[in-house]
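Colleague: The lines below spell out each chain.
There are 2 protein chains.
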Amino acid sequence: MAPTSPHSLARAARIASRSLAQSSSDIRQSALKNIADEIEKNRNFILASNQMDVEEAKKGNLAEAFIDRLLLNEERIGWITTDLRRVADLPDPVGEVFDEQLLPNGLNVRKQRVPMGVLAIIYEARPNVTVDAAGLAIKSGNTVILRGSRETLNSNRALVQSIHNGLKTTGLPEGSVQFVDSADRELVFELLKLHNEIDLIIPRGGSSLHKFCRENSLIPVITGGIGICHLFVDASADLARALPVVRNAKIQRPSVCNALDTVLVHSYIAGKFIPELVSTLTADGVTFHIDEAAANSLPTPLPSSVAPAREGDFDTEWLSLVLGIKVVNSLDEAIDHISEHSTAHSDGILTEDKANADTFVSRVDSAAVYVNASTRFTDGSQLGLGAEVAISTQRLHARGPMALRELTTFKWVIEGDYLARP
Amino acid sequence: MAPTSPHSLARAARIASRSLAQSSSDIRQSALKNIADEIEKNRNFILASNQMDVEEAKKGNLAEAFIDRLLLNEERIGWITTDLRRVADLPDPVGEVFDEQLLPNGLNVRKQRVPMGVLAIIYEARPNVTVDAAGLAIKSGNTVILRGSRETLNSNRALVQSIHNGLKTTGLPEGSVQFVDSADRELVFELLKLHNEIDLIIPRGGSSLHKFCRENSLIPVITGGIGICHLFVDASADLARALPVVRNAKIQRPSVCNALDTVLVHSYIAGKFIPELVSTLTADGVTFHIDEAAANSLPTPLPSSVAPAREGDFDTEWLSLVLGIKVVNSLDEAIDHISEHSTAHSDGILTEDKANADTFVSRVDSAAVYVNASTRFTDGSQLGLGAEVAISTQRLHARGPMALRELTTFKWVIEGDYLARP
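If you read the protein sequences in the order shown, they are chains W and U. Just so we're aligned: the first sequence equals residues 1 to 422 in the numbering used here. Just so we're aligned: the second sequence equals residues 1 to 422 in the numbering used here.
Only chain W is shown next, with the shape it has when bound in the complex (with noise of 0.2 Å):
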């Protein structure tokens, strides 16, 4: 039998931590793979059990973009383990060492990179997150408490049987992954209270997630994903240049947090910009809240793709194809728009001018900040760490796109001849 009770299952989780921990690289690279292997084995067996959790959607007439979110097939299992072997061949952090120094005092000091411990996962229905934060877990070293949501209780029971027998194949321990295999909201509440067992929380789905679990977690929360993101058209923008960029940020994938929400267009090329920017994206299904200054640069009638923008419009995060417009008369005007409105996700400039472009980097403190490049950049596979596994917008260990060595930590490694302190 399972442990189930959360306290039960974080306790396994943390005793197989430290065998997972003394693990080689290579060993945990084969897990990946292995899992991998599983999972293609049993493709059927998860395509069944992801039925059952569609149809069950269907009846419950949930949204059609959560169905497709929910939905599994022989592509999907395909994208699921190429991503696992691919993660399977990146470098593995665990054991670096830095800032090593010989002190005067004759100590040799360095740090050492090491496991986070016991991670907890809290997701919603996407069951390809089942396979990614348990390959991610598992090749820096981590155990995992995975929690998905009660839409998704077969597809991942299928897909952690896989993971499972892969780690068991390794002659790792199973209970590297553990699985909370219930609907009952009320064991996530116990899991944020379990400081001794878990050492990290990754909430992954939207703000009220996110809200809840920093609420009730005595574990520190890596908490993300939500971004109000700006991008700023100086005066010296390269139009030509800008708009598809703008235009990049705002429809390549609007349902993601690193899409554009608000665009700030210096008053001085405001005449010129904006009707280019409405007429371009108005031909993509881009409907558009602007203030009054940003009416004034369009020809009158207002093209119905138009609307000003209300009370609140510049603190929502779109997460559609949606888009603010506000003209500003400097880039101090821009930086304090963004001071004031942005979730410090990301957010940029386009200009010609180097010295504003310095100015922006230096004054906006996002965890992403842009100079003439898409906000839709911020990903843990573009910025080169090769996968990701939550966006951080708070200050602590890591900003922006998590991956492998954020899922580490370091001790300091000491030695001495006999030394004691004077």
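Treat identical chains as interchangeable: a pair holds within one or across any two.
Below, simulated DMTMM-like cross-link-like pairs (lysine to aspartate or glutamate); rule was C-alpha separation at most 20 Å, straight line:
| id | residue 1 | residue 2 |
| --- | --- | --- |
| 1 | Lys354 | Glu100 |
| 2 | Lys111 | Glu415 |
| 3 | Lys111 | Glu388 |
| 4 | Lys111 | Asp99 |
| 5 | Lys272 | Glu292 |
| 6 | Lys211 | Glu190 |
| 7 | Lys193 | Glu215 |
| 8 | Lys211 | Glu317 |
| 9 | Lys354 | Asp417 |
| 10 | Lys111 | Asp379 |
| 11 | Lys111 | Asp358 |
| 12 | Lys354 | Glu415 |
| 13 | Lys41 | Glu75 |
| 14 | Lys193 | Asp181 |
| 15 | Lys33 | Glu174 |
| 16 | Lys59 | Glu124 |
| 17 | Lys272 | Glu352 |
| 18 | Lys354 | Asp332 |
Treat the hints as calculated values from the structure; they're not laboratory data.
Start from chain W and add chain U according to the hints.
Modeller: Relative to the frame of chain W, chain U by itself:
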């Protein structure tokens, strides 16, 4: 009028943090020196204010050790200002650029070190912490909310006045250092909820203060400062050289967190080492709580400094001249004992056996792991950081001594040539 509600204090700190973060390294360095000058200039007022606190404490029959921690005098004012000038001259971590790379997609990516933002430091009856914490915060570009204890209210009020004068002379906002000028504990509770205004809580005090912060905070908390520390004397150790290290770890300053609590002795050398240990440290005033095997290694009758270990003794941070002694039959048994009883602060091995040292370092996952050195070295100054704001025993962000660099975070700076995500 100074703002008084926690929210207005915190809001003022947030606003000041924007200009402080933009100030130059030179200005922040001068600020610390100007504050030191002001403290010297206002020495008499500070000492008179402190005298009020000391008299109040005496009237309240507080313990002598408590009053000693509270007391300021000419010499201690000198220590405070010397420390401040030393921190002023430490290298500035803010602005450091690291992990810079040009990615295949054409993005130029780097990380840039920035202040954490707004710190809140909640501490007990040591007025030197007021200046120390303000100095470290300002030097690293952070604003800080100081909340000292009721018993130091007059001393802290006087010190904060000098700090504000020093900031003013330098041209930095006085709001960079906010002082909770009240003994009302409810205000701490309110501070802990202000996660939009405060970035990090640093408690400095006993375990109940840490627990209170962890249980009530919506803001990340650096827990630490609680050390159940071990040294394992391996069979191969040079016993004549090991004894002074154990003695140093226990007696040099028994009231602090990095002092030794339990010595684990390999059974092979217990008969030789334990009698010498007990006889030497008894002369230093140490008393011992020892297991049965350790008792068997001593000649009978047992010395009066020795008592049998009771339940819970090996889970006690002694903070006094008490030492636990336990005999273990192997390196594994020593490591298992440490895994079970350590608070993951500072633990070490004394050995001549390189393989045993490597195993110990690999398997003991404490913030500081020692080979042939005293646990007393876990200290910012001793480990080359120049100062210390806390010793973290949590795993996120920083472990062990935290100083200037550990009070910073980073942002990603990402530059392209009008680059859109493919």
